[in-house]
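2 protein chains.
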Amino acid sequence: KSIGKIGSMHLQHTHVPYPTKERLQPRRFKAHLMGTTYVYDFPELFRQAVHTQWNYAIVNCPELKCPQDVLEAKELALDEKGQLQEVVRSAGSNTCGMVAWLLTLFTPEYPKGRKIIVIANDITYQFGTFGFVEDQFFTKATELARKLGIPRIYLSANYGARVGLANELMNNFKVSWKNENNPSEGINYLFLDAETYKQLNQNEKKSVIAEKLVENGERTIQNEGQPIILTGASALNKVLGREVYMSSLQLGGTQIMHRNGITHLTAQNDLEGITKIIQWLSYVPSARDLPVPIFENSDTWDRDIDYIPPKGLYDPRWLLAGKYEADNWISGFFDRESFLETLGAWAKTVVVGRARLGGIPMGVIAVETRTVEHIIPADPANSESQQEIIMEAGQVWYPNSAYKTAQAINDFNKGEQLPLMIFANWRGFSGGQRDMFLEILKYGSYIVDALIDYKQPVFVYIVPNGELRGGAWVVVDPTINESKMEMYADEKAKAGILEPEGIVEIKYRNAQLISTMEQLDETYKKLKKSLEDPLKTEVEKSKIEILLKAREQELLPVYSQIALQFAELHDTPGRMKAKNAIRKILEWKNARRFFYWRVRRRIHEEYMFKKLININPNFTRNQMKKYLTEWFYNDVGTEFDWEESDFKVAKWIDEMLENFSDDERNEGNNIINMKSSTNKKDLINLRIKNIKNEMITKKVVELAKIN
Amino acid sequence: KSIGKIGSMHLQHTHVPYPTKERLQPRRFKAHLMGTTYVYDFPELFRQAVHTQWNYAIVNCPELKCPQDVLEAKELALDEKGQLQEVVRSAGSNTCGMVAWLLTLFTPEYPKGRKIIVIANDITYQFGTFGFVEDQFFTKATELARKLGIPRIYLSANYGARVGLANELMNNFKVSWKNENNPSEGINYLFLDAETYKQLNQNEKKSVIAEKLVENGERTIQNEGQPIILTGASALNKVLGREVYMSSLQLGGTQIMHRNGITHLTAQNDLEGITKIIQWLSYVPSARDLPVPIFENSDTWDRDIDYIPPKGLYDPRWLLAGKYEADNWISGFFDRESFLETLGAWAKTVVVGRARLGGIPMGVIAVETRTVEHIIPADPANSESQQEIIMEAGQVWYPNSAYKTAQAINDFNKGEQLPLMIFANWRGFSGGQRDMFLEILKYGSYIVDALIDYKQPVFVYIVPNGELRGGAWVVVDPTINESKMEMYADEKAKAGILEPEGIVEIKYRNAQLISTMEQLDETYKKLKKSLEDPLKTEVEKSKIEILLKAREQELLPVYSQIALQFAELHDTPGRMKAKNAIRKILEWKNARRFFYWRVRRRIHEEYMFKKLININPNFTRNQMKKYLTEWFYNDVGTEFDWEESDFKVAKWIDEMLENFSDDERNEGNNIINMKSSTNKKDLINLRIKNIKNEMITKKVVELAKIN
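Chains as they are written, first to last, in the numbering used here: chain A, 464 to 1170; chain B, 464 to 1170.
Treat the hints as calculated values from the structure; they're not laboratory data. One should not assume that every hint holds.
One copy or two, it doesn't matter: identical chains are merged, so the pair holds either way.
Straight-line distance between alpha carbons at most 25 Å, and here's what the computed BS3-like set of lysine-lysine pairs gives [unchecked claim]:
| # | residue 1 | residue 2 |
| --- | --- | --- |
| 1 | Lys1073 | Lys1152 |
| 2 | Lys641 | Lys989 |
| 3 | Lys637 | Lys1040 |
| 4 | Lys918 | Lys1074 |
| 5 | Lys918 | Lys988 |
| 6 | Lys1006 | Lys1161 |
| 7 | Lys918 | Lys905 |
| 8 | Lys1012 | Lys989 |
| 9 | Lys1012 | Lys637 |
| 10 | Lys992 | Lys637 |
| 11 | Lys1162 | Lys1152 |
| 12 | Lys1004 | Lys988 |
| 13 | Lys637 | Lys988 |
| 14 | Lys811 | Lys786 |
| 15 | Lys637 | Lys991 |
| 16 | Lys1042 | Lys603 |
| 17 | Lys528 | Lys575 |
| 18 | Lys575 | Lys610 |
| 19 | Lys918 | Lys877 |
With the rest of the complex left out, here is chain A (with noise of 0.2 Å):
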């Protein structure tokens, strides 16, 4: 009997060796020796993460307690008829080249368990390489875990798809010489007898290495030190017939790969690379269409945001993350210490990452203002090529920002569906020759697409001292997707097609300066109306003209002041406010406060909808707000705005949601499955009973027409 937590020998005979993972020394040594962790050891890498995650979160609440065993995995494999089934094995037991688990996460965001599909390489099997095998494997897993709308993850170190010759017939085939006496004449062909040919029945299916592609590389962290590469540094030199590549790490290695946006995130080790993986996963909801785990911390929602953008440069990442200034803590906008920040090393002109409000994960796209280097590297196949550092301004889109933009748009939607937080503050794209000649309105137009798509609410906010004009505000404006973005202003912030000293050129050109001075100025005024007095003469007229001149040159100065003043006076949030361009005005001290009942109160609704529209996919949005509405005005009170009152409606929803039963809140399955507890929970019960019932009617009248 085991004393305290039991043991792995708990109610075993006494002789009963202890098990030695001597066997399986080889492979970890193989795996090793390629600079990878040996395949069966990487959920005890997953259980350290989780444990680490727990750690920190601890750290912010004391009160939480970590469960004692924060995984179960259960290993995957296919039997006799090609299904995947859960089996208990030894480790290594593995007879193809792939293995997977489901694995369920016991995380500080939900400690009830989550689940993830996890797929690693055995690299140690037939030289790491897959054949049809392995691609069979890969793509039940693929498809089981699409089946239950959970992550899979994708544990990557191969050498590539598997060749081979048919070794049936290597043995076995005969050469029809040019003389047989003489083989080293050559030959004519090669050939087989009929009976070896008889044998010839085998067809086996070709592989599919097609769904790889197809599946892979959606976000991605890299190992660094272990190359991403299509072809290896040997057979390139080989092609090019000289020694261009060092190794393959030139080719595939993070400096390539991490800069130009395939990679998401580096790593030095597996261990951190995992632990990554957990710490993504922790802004993700559990299961597709599920709602995102909110995890509040100890950093509130109801606090001012101490960092406050100034004029000139400054980092973005203080504004979301905050930062220490001698020992003091200078609070950003999200929680502390939520800001993780991805594709960091591309296209630096834009920051994206996710991180929480109150608990709430978000997707967060801001804007840098400093100016950066962006180094395209010296092509070693090619001797004349040089390393080229160009400067890309902050504040302007560029080709590669713009498609950053874009895919960390599609990344947020697509999978993790969280809500998304851009903090505007771009003064257009840029239009140079060699951004015209990048596609610069390409990956423009590729934001506009990402926005289009995007299924859960999008806020823009116009950070205090930043602007939007022109192109960049084409991009994000809400009409885009009306349904789901919103924009706001600070009070500090500005925004116009133009900027203010663009648009004066344009339209404040002299003769407008020199009528507004005619209306402004009496001493001006004067001297102009004497020169329509008809009983001047010529001399004293011309006299008044050099008085009017001189007039002009002396104020002309003071109203280009004014002119331009006048214009921005149209770069206002207020004017942007009066245009509809915005639906609000903020203070930035206080717009956390703002967002998270805001951003609360939109996720719950939209969740409200995916109800809704479940029950019938015709809805429009219009009918279901009105059911909505209709049931807040009957629960809280025809008082309350729906509109404004994000802080009443998010309660609202709060008090509706616990009546849904916690799997699926927390695991979820069924989204229409309700669990009974209280009067409310009646209440939503009979209303959703009743839309079906008027939908069933509906249909049976329609129904009724076309016979």
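With chain A held as given, fit chain B onto it using these hints.
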């Protein structure tokens, strides 16, 4: 009364003056000055372009007759409620900077008329800028095109968004001076007096320029000499602080925009541009989801293909379109003179365009075999940059050509709904450092994405003396979209993951060579055996060893040859067929005959599937196939194999389709709307009715269950 053709003064009073166009001359002149046609002259250009199209068609088929009038134009305008209406008004009566027409074109493919929406900028209106009204008009006209499912042409000639200051305030604001008596000392602020303030009630909605960006730029034909730009040269020079750009053409002329794939085609002038639009439209169905316009011409399907792709280098256009050889016409795969290449200046290692096969329009992708120059222009804004010339090898996908391939597939699929022919001949993707940095992997997966999404039949044909290897195979493999894609190989094509030289290096090294030698060479075998003889002395044995080595040295070259040949034998279409990687092995000479019926049958089949899916969106392909085959065996007889009898199946569906109303096939609105004529028609009507009834019964049963 008119004599002959009814004239414009028909039945009018004799004193009615002839209409003078004088009134429009100033605007026409203004437009010409800006390098464009006056907006109201465009319908005439369309008329001329359609005439040109008829002239071409009549050269091929002299029995065709061009109708009297080939164009009907109805101008569209917004009424007072902001709804689009057809209007009859004289040219130049437009009240905003955009004009639109619903044009009916009577083309050779659609002699009964096809409709398109044309939207054009009036560059003479408010300096060719656009604001809210223009945006709204553009959106409405676009929505109409979308509703009718017909092509929308946008003739773009404008100076971008209209910017302005609040004119109503410009003459009314007051200034608070620092020193009322000496204005030149400066100002405190601007203000409005109470009375002016009261007048401020208007609250106009902001401009929705977003729509533009979304909708535009799918397919671009650019006039030489007219730039596509974001910011003009002079404005950019101002930003850069020096005279970098001489002209906006440097930024967005065809030498930039055609070379980077933004511009699909270029034209010397507006007439040529419109002619190309009409030509392009000739490949495209008149409305969404209608069959492609099959326009048979004098080039019969029933002929050999003269041009045979050789082993060495050649222009892939010859294979598609044929060529002259010393005054002899050597025909290609497609109908003579039917190939229209697009995106020709971009990524030249891939050739894309549209062509006809026995009258059936298809999207085409072919592979350049020659090495081409990829020129990256120097950036005028960076004095250190130089023009770069990169040599790109044929038969290899680079980031740009992979992107082009994916974009062409998307273009063919979306809007044009064409069947697709891919003449495959790829050795793989280029995986050098430069390509890796330029995200070759991403673009490769774009091809897969585009094919997954393809809604029409796709045919991949590995051409004679062509090959398909490794990564390239993966992205065009039919398993990507099994219900739409089919792969064929020419009897002279080769395919495999690695090229034979590569695979021999890995899998047929010295040890295996010697083992083959031991098996095939009697001399060697005997020597080896005698080595094992226990009676031999050590001295004898070492003599034998020497003999063995000598024999090895003598024979190794020829055995390397044997190994290579063995590997090459894996590389044959026969093995591809045996492995089920291709559907059939074809002979190039007869490929046109085969594909004509195959393509025709496949598009017919898909069209029937569309009809069935309209009845019940939940039908699987197998269910629908079951219906079709059942009917086929019923009508045609069970002696024909459904899969193999392309000619029979095509003819059979042909007959059925003839029973659908002409409107549907030619102009098309309601898909399930049929015209009565024959017994066949009653039969298909009855069958569809039966399916509908089945479905309704099922639904009622389902509903009963829910309730």
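Okay, the hints, checked on the actual structure:
Taking the shortest Cα distances, Lys1073 and Lys1152 sit within 25 Å of each other inside one copy (16 Å), while across copies they are farther apart (35 Å). Taking the shortest Cα distances, Lys641 and Lys989 sit within 25 Å of each other only across copies (21 Å), while inside one copy they are farther apart (115 Å). Proximity of Lys637 and Lys1040 under a CA criterion of 25 Å is satisfied inter-copy only: 23 Å between copies versus 86 Å inside one chain copy. Taking identical chains as interchangeable, the C-alpha atoms of Lys918 and Lys1074 lie at most 25 Å apart only when both belong to the same chain, with a minimum of 14 Å there against 31 Å between chains.
In the homo-oligomer, the alpha carbons of Lys918 and Lys988 never lie at most 25 Å apart, since the shortest distance is 60 Å inside one protomer and 72 Å across protomers. With identical chains, the CA atoms of Lys1006 and Lys1161 are never at most 25 Å apart, being 87 Å at best within one copy and 98 Å at best between copies. Both within a single protomer and between protomers do Lys918 and Lys905 lie at most 25 Å apart by alpha-carbon distance, with minima of 22 Å and 24 Å respectively. For the identical chains of this complex, Lys1012 and Lys989 are intra-copy neighbours only, at 13 Å inside a copy versus 117 Å across copies, given an alpha-carbon limit of 25 Å.
Taking the shortest Cα distances, Lys1012 and Lys637 sit within 25 Å of each other only across copies (23 Å), while inside one copy they are farther apart (107 Å). In this assembly of identical chains, the alpha carbons of Lys992 and Lys637 lie at most 25 Å apart only when taken from different copies (20 Å versus 114 Å within one copy). For the identical chains of this complex, Lys1162 and Lys1152 are neighbours both inside a copy (15 Å) and across copies (19 Å), given an alpha-carbon limit of 25 Å. For the homomeric pair Lys1004 and Lys988, the shortest alpha-carbon distance inside one copy (15 Å) is at most 25 Å, but the shortest distance between copies (124 Å) is not.
In the homo-oligomer, the alpha carbons of Lys637 and Lys988 lie at most 25 Å apart only across protomers (15 Å), although the nearest pairing inside one protomer, at 111 Å, exceeds that limit. Proximity of Lys811 to Lys786 under the C-alpha cut-off of 25 Å is restricted to the intra-copy arrangement: shortest distance 19 Å within a copy versus 50 Å between copies. In this homomeric assembly, Lys637 and Lys991 come within 25 Å of each other (Cα to Cα) only across copies, at 19 Å, whereas the closest approach inside a single copy is 111 Å. Taking identical chains as interchangeable, the C-alpha atoms of Lys1042 and Lys603 lie at most 25 Å apart only when they sit on different chains, with a minimum of 22 Å there against 54 Å within one chain.
Taking the closest pair of Cα atoms, Lys528 and Lys575 come within 25 Å of each other only inside a single copy of the chain (12 Å); across copies the shortest separation is 77 Å, beyond that limit. Taking CA atoms no more than 25 Å apart as the test, Lys575 paired with Lys610 passes inside one copy only; the shortest distance there is 21 Å, against 49 Å between copies. Taking the shortest Cα distances, Lys918 and Lys877 sit within 25 Å of each other both inside one copy (9 Å) and across copies (22 Å).
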